[in-house]
Amino acid sequence: MTAAAQTFPRPSSLIPDSLVPDSLDVDRIRKDFPILTQPVRGGRPLVYLDNAATTQKPRQVIDRIVRYYTEENANVHRGVHYLSETATDSYEKARTTVKRFINARDEKEIVFTRGTTEGINLVAQSWGRKNVGAGDEIVITAIEHHSNIVPWQMLCEEKGSRLLIAPVNDSGEVILEEFEKLLTPRTKIVSFGHASNALGTINPIRKMIALAHAAGAITLIDGAQGVPHLHVDVRDLDCDFYAFSAHKVYGPTGTGVLYGKESILDAMPPWQGGGDMILSVSFEKTTYNALPYKFEAGTPNIEGVIGMAAALDYVSAIGIDTIAAHEQDLLHYATKRLLEIDGLRIIGTAVEKASVISFVLEGVHPHDIGTILDEQGIAIRTGHHCAQPLMLRFNVPATGRASFAMYNTRDEADALVAGLHNVIEVFR
Amino acid sequence: MSDLRELYQQVILDHNKNPRNFHELPNATKSVDGYNPLCGDHYKIYVEVEGDTIKDIGFTGNGCAISKASASVMSSSLKGKTTADAHQLFDVFHKLVTGEPGSLSTAELGRLAAFSGVSEFPARVKCATLAWHTLNSALEGDKEMVSTE
Chain A
1 MTAAAQTFPR PSSLIPDSLV PDSLDVDRIR KDFPILTQPV RGGRPLVYLD NAATTQKPRQ
61 VIDRIVRYYT EENANVHRGV HYLSETATDS YEKARTTVKR FINARDEKEI VFTRGTTEGI
121 NLVAQSWGRK NVGAGDEIVI TAIEHHSNIV PWQMLCEEKG SRLLIAPVND SGEVILEEFE
181 KLLTPRTKIV SFGHASNALG TINPIRKMIA LAHAAGAITL IDGAQGVPHL HVDVRDLDCD
241 FYAFSAHKVY GPTGTGVLYG KESILDAMPP WQGGGDMILS VSFEKTTYNA LPYKFEAGTP
301 NIEGVIGMAA ALDYVSAIGI DTIAAHEQDL LHYATKRLLE IDGLRIIGTA VEKASVISFV
361 LEGVHPHDIG TILDEQGIAI RTGHHCAQPL MLRFNVPATG RASFAMYNTR DEADALVAGL
421 HNVIEVFR
Chain B
429 MSDLRELYQQ VILDHNKNPR NFHELPNATK SVDGYNPLCG DHYKIYVEVE GDTIKDIGFT
489 GNGCAISKAS ASVMSSSLKG KTTADAHQLF DVFHKLVTGE PGSLSTAELG RLAAFSGVSE
549 FPARVKCATL AWHTLNSALE GDKEMVSTE
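Protein chains in written order, with this note's numbering: chain A, 1 to 428; chain B, 429 to 577.
Accuracy of the hints is not assured; some may be wrong.
To be verified - Restraint ranges, calculated between C-beta atoms of paired labels, are given here:
| id | chain 1 | residue 1 | chain 2 | residue 2 | range |
| --- | --- | --- | --- | --- | --- |
| 1 | A | 157 | B | 454 | 35 to 43 Å |
| 2 | A | 411 | B | 466 | 25 to 33 Å |
| 3 | B | 536 | A | 392 | 41 to 49 Å |
| 4 | A | 37 | B | 454 | 53 to 61 Å |
| 5 | B | 523 | A | 70 | 42 to 50 Å |
| 6 | B | 454 | A | 411 | 50 to 58 Å |
| 7 | A | 411 | B | 522 | 36 to 44 Å |
| 8 | B | 478 | A | 150 | 37 to 45 Å |
| 9 | A | 204 | B | 516 | 55 to 63 Å |
Just so you know, these hints were derived from the structure itself, not from any lab. Even glycine gets a Cβ: it sits at the ideal position worked out from N, Cα and C.
Construct all of the structure, not just a fragment, from the sequences and the given hints.
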């Protein structure tokens, strides 16, 4: 029996319509997102269900970026002139916004990056090269995105260390007993996702962090799918690093955050060299800048950072718990409706899930599903979701993935179901 | 949905459901793996070449309906043809799926004409040409693996 054959989705009759009261005024929210009113594919309304890839941006974020370029644009941390001071002020205020949003202790712990991937690479290359040696071990899980696999493989190859993978059960949940068994005095760093982009599984990260610490290892959380859906308090979690991307939480692309505990960041060597990360440079000796600038070489993505702060303010104003309740309502409703389709199987049936549904349809490759849904104005992701080892674990070459954000509606879940019936019709 | 019917023509649906020459080739003179890393499609193309003649073609692997039907139609179109014929037909096929005007009529294209709808779906051109690129490598004999990226 294959791993996939052992996965039994819960019958839709057992799933309640809703688990939590949903108080989000979604009609009002949708008015904030101009792109959602744009007809696509010959006048069809856009049904955007590819939010785990990137979210759309509210007017508040777009306007903030326009205002930055209209009134504030200059390079940061350099000039003595008015605009440079204004840009620097907005840029550094964004750091405070991020600090508050994830409840970090100090602005020094907030390093701006290009995104989650760069944050993980920074830790692997800076902390990893200094602290991981031959025979040491790094632990990740079987549901990681490629960006939380490959940087560690590169480090292991360079250092002669080993990458160990904590397995998942047939629902796509990390098997905690197996995870714990991998943690030994050889474990240097344990890195795992807050939530899986491919399956939606929410990991019990507080418990996993405690287990890793008990073994003497430090922890990195890939929060790309955590921050958009879950309340994040890095001090309460006690994680050592937490990386996330702005564009998955209604902000611009090309910007993200690496949170790190100050004592750990302070002891790390710089990663990239260049302007802004130095105090003084001579050909004999260069002195590096203080945190967090030590890790921000070169002119940063100023507009992105300022836009990200606007996005986090937007989310805070609505409330992440209100957003989560709405998304959970959509997740349960859409799961129930999708399971009514003959031949549809949901991959990833964890008890704790973010609003991500990965599925396969008997006899139709996900890529064909994607094209046929697109003709109807419905955007989903199809493929391996940058998680090829996970696809292998569930014995599928690829899946279709519908992922819901705060602006999605039950009507859109219904449109997806109707769209899938049309897919079946084409392939009948 | 009319463009969709153009894309998923009966020939494509048929070859997807019942792919021809969908097996390994015990006497293959060359086999090459073809990947589309974007969507995870993967096929292995086997050829048995004698002199200039493609005596036999087979393929294994998986992917979407467009890529699988393309591999299937390609294999049945090229069996017994020369390698020069194969190169020429690839050229014609490539023009067809990218919407470039070609020199052959629908009748001359034969079963390949079923892929005419692909040109309306730029994202799917790589699906339609994956098997052809892979075969090309097998015939030129210089690589073990090709990728459409």
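> Of the numbered hints stated previously, which ones are contradicted by the structure, given in increasing order?
Replying inline: none
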